[in-house]
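Chemist: Taking the hints as your guide, dock the two standalone chains into a single complex.
Protein chains in written order, with the working numbering: chain A, 1 to 479; chain B, 1001 to 1327.
Hints are computed from structural coordinates only; laboratory data are not their basis. It is possible that some hints are incorrect.
[As the list claims (entries may be wrong)] Cβ-to-Cβ under 10 Å is the rule here; a few derived chain A residues that face chain B:
no.: 1; residue: F4
no.: 2; residue: Y6
no.: 3; residue: P8
no.: 4; residue: E276
no.: 5; residue: G280
no.: 6; residue: V302
no.: 7; residue: D324
no.: 8; residue: W420
no.: 9; residue: E422
no.: 10; residue: T443
[To be verified] Taking lysine-lysine and the DSSO-like style, the derived pairs with C-alpha atoms no more than 27 Å apart in a straight line are:
no.: 11; chain 1: B; residue 1: K1312; chain 2: A; residue 2: K325
no.: 12; chain 1: B; residue 1: K1117; chain 2: B; residue 2: K1082
no.: 13; chain 1: B; residue 1: K1054; chain 2: A; residue 2: K325
no.: 14; chain 1: A; residue 1: K311; chain 2: A; residue 2: K423
no.: 15; chain 1: A; residue 1: K325; chain 2: B; residue 2: K1272
[Unchecked claim] Partial pick of chain A residues on the chain B-facing surface, computed with a CB cut under 7 Å:
no.: 16; residue: E5
no.: 17; residue: N326
no.: 18; residue: N442
The C-beta atom is built at its ideal place from N, Cα and C for all residues, glycine as well.
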Amino acid sequence: MASFEYAPAPESRSIVDIKPSYGLFVDGEFVDGRGTSFKTINPATEETLAEVAEASEADVDLAVRAARRAFRGWSRMSGKERAKYLFRIARIIQERGRELAVLESIDNGKPIKESRDVDVPVVAAHFFYYAGWADKLSYAGLGPSPQPLGVAGQVIPWNFPLLMLAWKVAPALACGNTVVLKPAETTPLTALLFAEICQQADLPPGVVNIVTGAGGTGQAVVSHPDVDKVAFTGSTDVGKAIARAVAGSSKKVTLELGGKAANVVFDDAPIDQAVEGIVGGIFFNQGHVCCAGSRLLVQESVADEVLSRLKRRMGTLRVGDPLDKNTDIGAINSSEQLARIRELSDIGESEGAERWAPACELPSSGFWFPPTVFTGVTQAHRIAREEVFGPVLSVLTFRTPAEAIEKANNTPYGLSAGVWTEKGSRILHMASQLRAGVVWANTFNKFDPASPFGGYKESGYGREGGRQGLAAYLKEAEA
Amino acid sequence: MPTTAPADPAPGLAAYSEVTASDASLRRFLHGLPGVDQVGAEARAAGLGTRSIKTTAKAWALDLAIRMVDLTTLEGQDTPGKVRALASKALRPDPADPTCPSVAAVCVYGDLVGEVKSIVGSQVNVAAVATAFPSGRASMDVKLADTRDAVANGADEIDMVIDRGAFLAGRYLQVFDEIVATREACARPNGSHAHLKVIFETGELQTYDNVRRASWLAMLAGADFIKTSTGKVQPAATLPVTLVMLEAVRDFREATGVQIGVKPAGGIRTAKDAIKYLVMVNEIAGDDWLDPDWFRFGASTLLNDLLMQRTKMTTGRYSGPDYFTLD
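Okay, chain B solo, but in the shape it has when bound (with noise of 0.2 Å):
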């Protein structure tokens, strides 16, 4: 059995000892966080996407946002031909232009993280979902050996799932305890550990409420991301969940000092969302949530808009979509 305890607590995590040591302790302090009120944050992620960015912000936004990108493929008839393609387009998006910087990393099943690693090396990080990755509907141990083994194929960075039927029945301490189990399944032989992403599907959980619920609950259990969605469920990342998710990474270390990484994913596919979601970290969580350590976008077709659009602002002209590869 997975322990209740945090793998390894920071100073600031041991006041929240207590929280964890139950089922209703958890209960208790979850539902005691301040609610959300939904036209509100609707209202305030709207009227941050009216921020105008232009000229020189623009283009330093575009540059930052290829920088957070983790371009995905998570289909089933993915191939090595497939991912290799994407792998070798995260290191250079566009090879006309060697000022392009790389993606963040490149995100696939965790049997394809191999194909991935042999191209991209330790230039770009390898992600990998793991955990029953969509559904999460599996028994543990299948999903713990699901992560050991992208861990062992030797991906960067984990994306697993949580049990939404749980926590959507109110059994915080499972969910809790899942994302601990993980972690520790994160752990590498040299003692250091596969970064841990926790994906919430907030288009599952449906409330505001629920989605600052679960963004405390993973980052109490050592969460090192927290992430919007699979990219599987409508609606997936969406500007008012992201903003919650910013308010509780940004509330998590004023009261821990441990800073937790944000990833909205599915849905972002124009460079115009992009510098919405960076306007809203700008404001939200801060500046310092604007790298990418700490923040990234789940995406597959958001790269080539973002090529497209700083191809305009150097050159001053639009230019086709054959003039950026496919993958």
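Chain A extracted, bound-state conformation (with noise of 0.2 Å):
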């Protein structure tokens, strides 16, 4: 009998319309910029989508201007009124959803089954539930009359475009900050879509101002004097370079950045479905999450059963074109974070870990990589310790609860983990241990708006999200 091939679904791209260039969205309009232009690209054909203009720091400062402007006027809205805008924006999002999804996974290569599935419905439910507290701020515990702290500079990454847009955008908005935006110079479009939602929506000019550009725009964002609050998601190097460039000022700093989160299984967990929650939490978005589940600690006793199970179900991942309905795992985001995820691989090959990987064919254009398996690793190799921002595990194994514990929080990280035990006292006991900001128990990479996220140590600091997102665009409020 012939297997089931099943035959490609693709989803149609016509639904989008992708112009030749696009320029900055400052006070409501599209201007262009004055540096120079880049080309944003399909990373699973490397296909040139379109030319993006580049904020010069001049660019910047008018988007500066502009939402200090529009701040007056928004600040002094209403809540309720602020939530109509919010509302709005967020149904346009869901009557646009498709939309959306599509370019999503045509700017940043991710599946279309998770821009259509999870990205764009978290995108909404954020507006929903952020638009739903702008008028009870005074109810959210954090003083009798909160007030918002101003022009908000924002800086986002590549591996959630529009999902870290909603997360920095909807809570500031809520609050009555007017933001700068600057989204990843390789991911820029879903962003210049949600300006033109913006316009859609009647939103007051300025309130929220899109630049775009790479490392130079992102740096003259943060460091504007006339910003009050700098939000950032991306890697800890240059979370870093943002704390030092803004030490000393009134700005108000929230870091969300790397992981190397710890994903333990223990020898009562509900296998399949923990195999499961490895998969999820690994090869979702390529790994390219900053939560993600890279290093799984399998308790001794079952880690051969669950590393057959585990090598099983990821010889059932489809990689491949983003736009099929049937693709698991899609493009990696640029020929760089390929060269990293590579060059990460080999070391972790040459200090002795085994490497496996299932049979896949991969596309001859564009960036790829295969879900990818390191057995034998410890806590000394290098794979263990480093964010490799890719489809890649690595297995360590534990022979107590105690050690589990140990292991997982010796790292420089800790933005999240996982828990595998059907022992209900088990999970509340490690979750209590655990050094990280989100510890999920029987499942992974779950995110709903009211349940804040953020990192210990080097993970960052501040938390988005739930009530406590919104004391990081309130004055003196503490979450």
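Modeler: Put into structure tokens, the structure is as follows:
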């Protein structure tokens, strides 16, 4: 009998109209940038999608001035009125959900299945959630009359372009701040589509400004003297540079940085679901997830069984065209990132860890890396310590719960962790001992606007999401 | 009294003889199986349900699904006329299209086996429900007589129900013994035996942990197939329940070398649903199970939707229900 070959089921890209070139979104209008424009490409095909303007320091200054002017009206507007705009944006995101999902997959390389079923719904949920808070700030336990900070300079990464935008923009606007946001240079398109959505929602000019560009533009945003709040999600190195740049100023800062999350599987875990959780933890979004479960800590007594099931499961993952609805793993976002993943994987091998990947045919153009697992890894291996930010899992073992906690915490990072066990008391014990901002129990990579997210140690500080996420955009508020 | 040893243990099964030696050891074993996390299992089943099966893959899947159907009627009002009509349909599901395959089997009550057999001969299997279907509430002697009667009438396959009361009360060995005894009752004078499908009525077992335990219990006792439901209790077959059973047969083959079939029954009405099940079979158990010998749909109304979709694939348009036979 022939095996079940799934014929290609591509999502149509005709729903998206990609312009040949894009300007900056400043004061409610699209304007030209003064820097050298750059190209954004489809990482699955290396095809150029559009020319995007680069914002110079002067452009950023204009954007910040526009945000400052808009702040006067926006911050004095009643919470109820601000909520109306946010609800409107949330509804438009839902209405244009397919368009946003397709564009996100084209520009980022992530599978349409994820942009359609995860990114866009969670983005809309964030706007709905914070719209609901806008008129209830005095009841959030953050003081009797919480006041916005002013202009927020926000810099977001390329792994979840639209979702990170929502995490930053929705709470800022709900609290009465205005924003200047810089999307990553490899994934600016959905932010620019979001700018159109702001126009469609009749958002007052200047409340949201979007400046595109690379590191220099980001630096101009965070170091602008009239920016009151800096919010950054990205690598730990850049986060440290930002912290240094704003040190001594009155700017308030939140940083969401790297991670090397431990996913701890005990011998009494629901094994099949744990295997799913391991797969979702590290291969979701090609592993381009700061809270990815990249260190699997599995109890020695079940290590062989878990690994053999994991490898069998990895054999069913479908790698390929991000717009195919059956694709599980899409393209790596850029050639630089692919090089980094290859480098760290090669180091893993040279350090003596055993590398395994299922047989899978990768497309000839574009940036691709197969789902990969390293076994025989110890705490002393670089692949167990450094963030790979790709579909690469390191497997370590432990013998006792105490050892699991020690190993899980033995990392410079502390963004997330996972615990798999059928024993409720052990879940609670582990959750209280693991130094990580989020601890998932019998699940992984679940996001909800109501639950705060943020890190320990080199994974950054401050929280996004939930009531705590409001505090980051209010004066003298503590979460 | 029935024996506690499997009827004809395969070499891989012998390792489990200790497990089934006593109620206590059987309970220890079944409760030692890895748990099933409900949220995770349901999420996985839902995720597989989003696979998009189009064009050639869809055409292939539709034909396979037709070949896997156990065309079923299990009503008190069933008559020889009714089951003869069903049997004719089983042979030629789409009289307008000779390329349309026959279904796997016709499933009826034991007393109507002869009627079906007279139509289908050996071209399509005849399955009979037995052991006081659907409740399973009768003495063992009655259940075994029910089984022998159906086998004597010529049934190729026996669909037995387990005693859910005994299972939920934790009397696992009793359930085990009943399956072993029923399997023995499936023996024919010539030494062959009717294929035994064991129905769990998962809607009554309620938890996925129970479904996994019942699966292992039945497989250790010598079931040829494990089946979700009678169709008389809601919920009947669901994707997550079938997922857990597919994991069980996959793990069982890995442990013993013995391959067991899976049959979801009840509530599967559309071709779209059937394809979701096939995707799950493919990705959970593997393509060895993509065969009517190892996977079946217990259904009565599913077939017409499969036929309708099949015609749509070949002609490019939908025809109305009147273009397909009632039964």
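Chemist: Each hint: holds or not?
Modeler: Status of the hints after comparison with the structure:
{"no.": "1", "hint": "F4", "in the structure": "4 Å, holds"}
{"no.": "2", "hint": "Y6", "in the structure": "5 Å, holds"}
{"no.": "3", "hint": "P8", "in the structure": "8 Å, holds"}
{"no.": "4", "hint": "E276", "in the structure": "5 Å, holds"}
{"no.": "5", "hint": "G280", "in the structure": "9 Å, holds"}
{"no.": "6", "hint": "V302", "in the structure": "9 Å, holds"}
{"no.": "7", "hint": "D324", "in the structure": "8 Å, holds"}
{"no.": "8", "hint": "W420", "in the structure": "8 Å, holds"}
{"no.": "9", "hint": "E422", "in the structure": "5 Å, holds"}
{"no.": "10", "hint": "T443", "in the structure": "7 Å, holds"}
{"no.": "11", "hint": "B:K1312 / A:K325", "in the structure": "22 Å, holds"}
{"no.": "12", "hint": "B:K1117 / B:K1082", "in the structure": "13 Å, holds"}
{"no.": "13", "hint": "B:K1054 / A:K325", "in the structure": "11 Å, holds"}
{"no.": "14", "hint": "A:K311 / A:K423", "in the structure": "26 Å, holds"}
{"no.": "15", "hint": "A:K325 / B:K1272", "in the structure": "16 Å, holds"}
{"no.": "16", "hint": "E5", "in the structure": "6 Å, holds"}
{"no.": "17", "hint": "N326", "in the structure": "5 Å, holds"}
{"no.": "18", "hint": "N442", "in the structure": "5 Å, holds"}
When each numbered hint is compared with the structure, no violation occurs for any of them.
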